[in-house]
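Chains W and G are the protein sequences, given in the same order.
For the first sequence, the residue numbers in full-length UniProt numbering are 1 to 618.
For the second sequence, the residue numbers in full-length UniProt numbering are 1 to 618.
Some hints here could point you the wrong way.
Copies of the same chain are indistinguishable here, so a pair counts whether it falls within one copy or spans any two.
Straight-line distance between alpha carbons at most 30 Å, and here's what the computed DSS-like set of lysine-lysine pairs gives [said to hold, decoys possible]:
1. Lys441 to Lys94
2. Lys181 to Lys580
3. Lys350 to Lys188
4. Lys570 to Lys548
5. Lys188 to Lys94
6. Lys134 to Lys188
7. Lys365 to Lys134
8. Lys441 to Lys548
9. Lys116 to Lys304
10. Lys130 to Lys546
11. Lys546 to Lys580
FYI, nobody ran anything at the bench for these hints, they're computed from the structure.
2 protein chains.
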Amino acid sequence: MSPKITGELLRQLRQAMKNCKYFSEPIQAYIIPSGDAHQSEYIAPCDCRREFISGFDGSAGTAIVTEQHAAMWTDGRYFLQANQQMDNNWTLMKMGLKETPSQEDWLISVLPENSKVGVDPWIIAADQWKNMFKALSSAGHSLVAVQDNLIDAVWPDRPERPSTQLRSLGLDFTGISWQDKITTLRAKMSERKITWFVATALDEIAWLFNLRGADIEYNPVFFAYTIVGMNTIRFFVDLKRLSDPAMREHLQLDSPSKPELSIQTFPYESVYTELQAICAALGPKDKVWICDKASCALTQVIPKTHRSPIPYTPLCLGKAVKNATEIQGMKMAHIKDAVALCELFAWLEKEIPNGNVTEISAADKAEELRSQQKDFVGLSFPTISSVGPHGAIIHYRPLPETNRTLTVNEVYLIDSGAQYVDGTTDVTRTMHFGTPSAFEKECFTYVLKGHIAVSAAIFPNGTKGHLLDSFARAALWESGLDYLHGTGHGVGCFLNVHEGPCGISYKTFADEPLEAGMIVSDEPGYYEDGSFGIRLENVVLVVPAKPKYNYRNRGSLTFEPLTLVPIQVKMMNTELLTQKEVRYTTSSWKHLTQVELPEIHRIYRKCYIFVIYIVIRR
Amino acid sequence: MSPKITGELLRQLRQAMKNCKYFSEPIQAYIIPSGDAHQSEYIAPCDCRREFISGFDGSAGTAIVTEQHAAMWTDGRYFLQANQQMDNNWTLMKMGLKETPSQEDWLISVLPENSKVGVDPWIIAADQWKNMFKALSSAGHSLVAVQDNLIDAVWPDRPERPSTQLRSLGLDFTGISWQDKITTLRAKMSERKITWFVATALDEIAWLFNLRGADIEYNPVFFAYTIVGMNTIRFFVDLKRLSDPAMREHLQLDSPSKPELSIQTFPYESVYTELQAICAALGPKDKVWICDKASCALTQVIPKTHRSPIPYTPLCLGKAVKNATEIQGMKMAHIKDAVALCELFAWLEKEIPNGNVTEISAADKAEELRSQQKDFVGLSFPTISSVGPHGAIIHYRPLPETNRTLTVNEVYLIDSGAQYVDGTTDVTRTMHFGTPSAFEKECFTYVLKGHIAVSAAIFPNGTKGHLLDSFARAALWESGLDYLHGTGHGVGCFLNVHEGPCGISYKTFADEPLEAGMIVSDEPGYYEDGSFGIRLENVVLVVPAKPKYNYRNRGSLTFEPLTLVPIQVKMMNTELLTQKEVRYTTSSWKHLTQVELPEIHRIYRKCYIFVIYIVIRR
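When you get a sec, could you build the whole thing from the sequences and use the hints?
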């Protein structure tokens with residue numbers, strides 16, 4: 001992987017920072033966050049501005065360019081990758097390490113007095129703007145909203161914004177009609193005396209209308225905004241996408257069942273002026289809900305006295321708790337996914353000794369096998385197919401120039417997932433096709449112990465996921481080891497593979513309590529730089545637990561693994577496992593036998609607990 | 001325990017709320033926090049305003065009185081106690097339960113439009129003021145600083161503010177001179193470009209000057225403020241206390257070694273005007289450090305542009321990490337404390353069958369035995385001596401009218417501690433002098449497992465205590481049980497038994513990372529309302545750990561128990577303990593044998609792991 005050469009680009013950007021075409025006075029620093037106007041994690045090519053300017057294409061990172069410096073903040077998953085992708089015009093700021101300054105502190109330390117710091121108000125979230133604004137102001141600097149994006153100004157061949165075909169989902173996949181979702185939303189608005197709700201997150205809008213798109217790779221979403229009042233629904237989207245009669249029927253555009261369920265459509269770009277018009281007509285007591293992570297630009301349209309910012313919208317919370325139809329769909333998706341991965345592992349075992357399997361060809365084979373499954377749509381994120389030292393690059397993605405051959409001498413880590421119409425998967429397995437070293441087995445076993453400690457945990461209703469994070473680390477900590485990423489994230493149902501408002505992380509304190517029906521990942525790891533990486537990830541469903549007692553009638557919860565892909569026994573040092581852990585690893589697939597499927601074949605193979613091979617093809 | 005009759009008092013308070021002597025317009029609600037002007041947890045009798053108006057004397061609680069309602073917010077430790085101490089003019093607001101509204105939400109729900117809510121700005125912390133101000137403003141109400149305290153207005157025989165004799169501590173107890181502490185403080189100020197520091201917390205001032213007082217029961221502190229500049233030290237205290245020649249010598253009042261270490265003394269009350277004068281003379285770049293938990297009154301003297309609020313002051317952080325002298329002192333204090341409690345347990349075992357030991361006489365005996373130890377000063381908090389159902393009242397304190405006799409049929413819980421000149425202790429033991437039930441043993445064993453899980457945990461440098469909280473609960477959770485309080489608090493060295501900035505709690509997210517030398521308690525529990533209470537508490541020292549590996553050279557930490565009091569084996573269901581847990585309980589006292597003392601006798605007794613009986617009297 002050779003770094004992007006950024007000297008000339010940075011020169012142009014710094015020129016733009018002084019160009020009075022964009023503002024009355026030059027700015028001394030420009031912040032380039034990684035998101036789009038919807039604060040999406042994965043973004044369309046036209047929005048990859050941080051990657052364009054720096055070369056670093058990880059999913060999380062913020063660049064800041066001053067007259068003298070260019071610095072990139074990213075987290076432990078990406079330290080190695082960012083170092084490899086950026087040239088030495090850039091300084092890597094390793095988030096989470098004690099010695100790393102925050103963006104605010106760093107700016108204050110490098111800027112001359114009374115500096116102006118610019119940022120695109122559509123790309124920065126309102127809460128981030130607020131924190132940055134406060135920190136800079138208190139140090140005598142100012143934060144300036146630059147309406148023209150300065151990266152776009154130095155990016156001549158920037159791609160167009162995509163507008164893919166929309167797909168409507170019926171009740172057999174969604175369980176709840178969009179009309180009922182609107183009614184539930186309005187009930188929550190009226191409970192909190194809210195008159196308007198502005199939806200800006202793409203997955204929330206897709207979930208609300210039971211629609212999917214393909215505007216952003218791996219994420220079945222589409223560019224849109226929605227504003228819901230007590231009697232109106234305004235939908236902002238490229239209007240060409242609504243011409244198909246079936247789509248018009250799905251949204252009842254021509255014959256709404258009730259007037260309050262009539263959808264008014266507007267061009268995507270008109271959300272700003274339309275929201276301005278709504279705000280101009282607000283009554284003195286009217287309140288507008290908007291997520292505090294929505295763009296600063298849109299948030300500030302709403303006058304402060306009418307603005308009611310919330311950390312998680314009712315759509316986010318509603319989407320997180322899967323209904324019975326969605327849970328059944330997620331289970332089906334995971335069965336299909338397990339079939340594909342078992343086929344992959346059998347193929348790898350046969351082919352690797354021939355020396356012609358590479359990280360890329362293994363990833364391609366995984367995609368090919370998944371694509372043979374029913375209702376496959378695409379991958380849910382770029383496959384991390386990494387062997388030996390590449391496994392330690394936490395979010396490594398094989399490229400032709402880094403592509404490495406799988407051998408019987410190195411640990412192989414594959415973190416992959418797919419979008420099926422019935423659900424989204426995300427699974428990581430780490431395996432060895434020869435003889436793993438004692439240290440590799442030891443680390444694998446600590447990771448497995450952590451994985452089981454979370455997955456088998458019983459905890460009271462109302463517990464937030466971050467309280468479970470240390471369970472995943474205890475075995476590693478005891479030996480002086482750790483990993484520099486969170487333990488789990490929410491998973492959408494045929495939606496984004498990463499979603500809020502729940503998760504399992506030492507960092508996430510604003511997470512919402514876990515509830516039965518929520519779906520999260522459980523993925524501790526261990527990374528030995530320059531040598532190997534280990535991660536074990538299942539997607540797990542929050543389910544009620546029935547322990548012996550029920551303190552204060554609070555009820556208890558636990559997890560049911562949805563992922564059915566076997567875990568390699570060869571990598572375990574079974575002497576380090578307790579009886580209980582052994583029981584867990586051998587019993588957690590049992591419920592599979594209860595699934596009724598056309599055909600179930602079980603083939604035990606020497607290197608897996610189970611290789612389940614289930615044929616559920618058309 | 002009969003509740004305080006508060007009807008007439010509330011009538012008088014509500015009259016004061018309408019009395020234009022205090023403000024231009026009547027207020028519709030009055031907030032009565034539990035603290036004093038230093039935001040102390042334990043307070044002097046003259047500051048017990050919340051207790052005076054409501055009858056509830058727990059250590060934490062906030063009362064709000066409106067024209068129609070009187071409500072009290074307190075946490076799980078005090079639900080039963082508050083219910084028993086308050087008459088039915090009062091509504092108990094159980095903090096931590098989902099259905100309980102916050103003070104802000106409750107006020108908004110009960111107040112008429114455009115209400116004024118009053119509070120004494122000396123008693124409310126600046127951060128609390130800010131949150132309350134914001135919430136009330138956004139709902140159209142206002143928060144008003146009422147300079148005259150309205151409780152004092154209806155409290156004719158309010159006690160005087162105490163002014164006890166000060167005690168100076170030499171280097172043999174403190175390890176560091178006050179002059180060196182000032183120098184370290186100034187180095188930190190200059191590192192952060194801070195020109196003034198305002199100290200308001202009583203334990204920080206006592207620690208800084210190596211002084212102790214007895215103004216507040218159980219806390220060896222004295223009423224004072226301090227303002228430190230780069231060249232001046234201003235000390236605000238009742239000047240009568242500084243007349244003793246030895247005290248003048250300790251503070252070098254008459255012949256300072258260096259001009260910048262010369263202490264200027266002022267009357268306690270003049271801090272407000274003196275800070276005003278300092279602020280009037282601030283240069284444009286001058287910054288003043290003040291804790292964000294300092295009083296709103298004093299904080300607002302500092303103009304916002306010069307104010308640099310911090311969650312924990314350098315004194316708080318410096319005090320938390322004990323030096324070698326303090327650690328040695330704490331160890332000695334805990335040896336003496338263990339001797340006293342072993343004597344108590346032997347006495348209880350002999351006397352209880354005679355039927356003449358009560359909660360109060362047991363507590364008195366504990367105090368008598370502690371008072372025989374060298375350098376005993378007093379108790380570090382009111383002894384919780386509770387039998388049977390009283391054990392479930394988490395911070396129960398026996399009173400003549402509630403006093404219960406200890407028998408061989410009920411569980412006995414004693415949570416007690418002392419102040420010695422060399423250190424502070426805090427220990428809880430739960431025991432049965434007959435035959436405990438299977439359920440009592442089961443719960444005790446889960447609590448013990450949680451206690452050990454924290455105490456034996458190994459974790460990376462930089463870990464915050466709240467990440468360890470779930471370890472204490474895992475065994476309880478697995479059986480559907482829990483406890484509604486945190487797991488641990490910082491402990492001072494001959495200072496407050498509760499101190500920041502570290503702790504172990506699911507609630508504390510603003511805690512500072514644990515560091516070697518910090519001292520915290522480890523005290524999980526289980527409470528069966530109306531039946532029994534269980535808690536096991538050791539004070540533990542954070543020490544470096546040396547596990548097998550050292551990931552990224554971060555280093556690891558663990559805990560060393562300072563508490564040496566045995567744990568009753570009879571209460572354990574040993575079948576529920578792992579090998580490792582058994583090893584821990586039998587090995588954790590080993591280091592005692594390495595302590596060189598005039599005499600060490602070990603007497604094994606049937607009901608304890610060890611009864612250590614160490615004679616170290618004068």
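Cross-check of the supplied hints:
1. In the homo-oligomer, the alpha carbons of Lys441 and Lys94 lie at most 30 Å apart inside one protomer (29 Å), although the nearest pairing across protomers, at 49 Å, exceeds that limit.
2. In this assembly of identical chains, Lys181 and Lys580 lie within 30 Å of each other by CA distance neither inside one copy nor across copies; the values are 42 Å within and 52 Å between.
3. Taking the shortest alpha-carbon separations for Lys350 and Lys188, neither the intra-copy value of 56 Å nor the inter-copy value of 63 Å comes in at or below 30 Å.
4. Taking the shortest alpha-carbon separations for Lys570 and Lys548, only the inter-copy value of 23 Å comes in at or below 30 Å, while the best intra-copy value is 35 Å.
5. In this assembly of identical chains, the alpha carbons of Lys188 and Lys94 lie at most 30 Å apart only when taken from different copies (25 Å versus 41 Å within one copy).
6. Proximity of Lys134 to Lys188 under the C-alpha cut-off of 30 Å is restricted to the inter-copy arrangement: shortest distance 23 Å between copies versus 32 Å within a copy.
7. Taking CA atoms no more than 30 Å apart as the test, Lys365 paired with Lys134 passes in neither setting, with 50 Å inside one copy and 57 Å between copies.
8. In this homomeric assembly, Lys441 and Lys548 come within 30 Å of each other (Cα to Cα) only across copies, at 15 Å, whereas the closest approach inside a single copy is 35 Å.
9. For a Cα distance limit of 30 Å, the shortest separation of Lys116 from Lys304 qualifies both inside one copy, at 24 Å, and across copies, at 21 Å.
10. Within a single copy, Lys130 and Lys546 get their C-alpha atoms no closer than 44 Å, and across copies no closer than 43 Å, so neither meets the 30 Å cut-off.
11. Proximity of Lys546 and Lys580 under a CA criterion of 30 Å is satisfied in both settings, with 18 Å inside one chain copy and 27 Å between copies.
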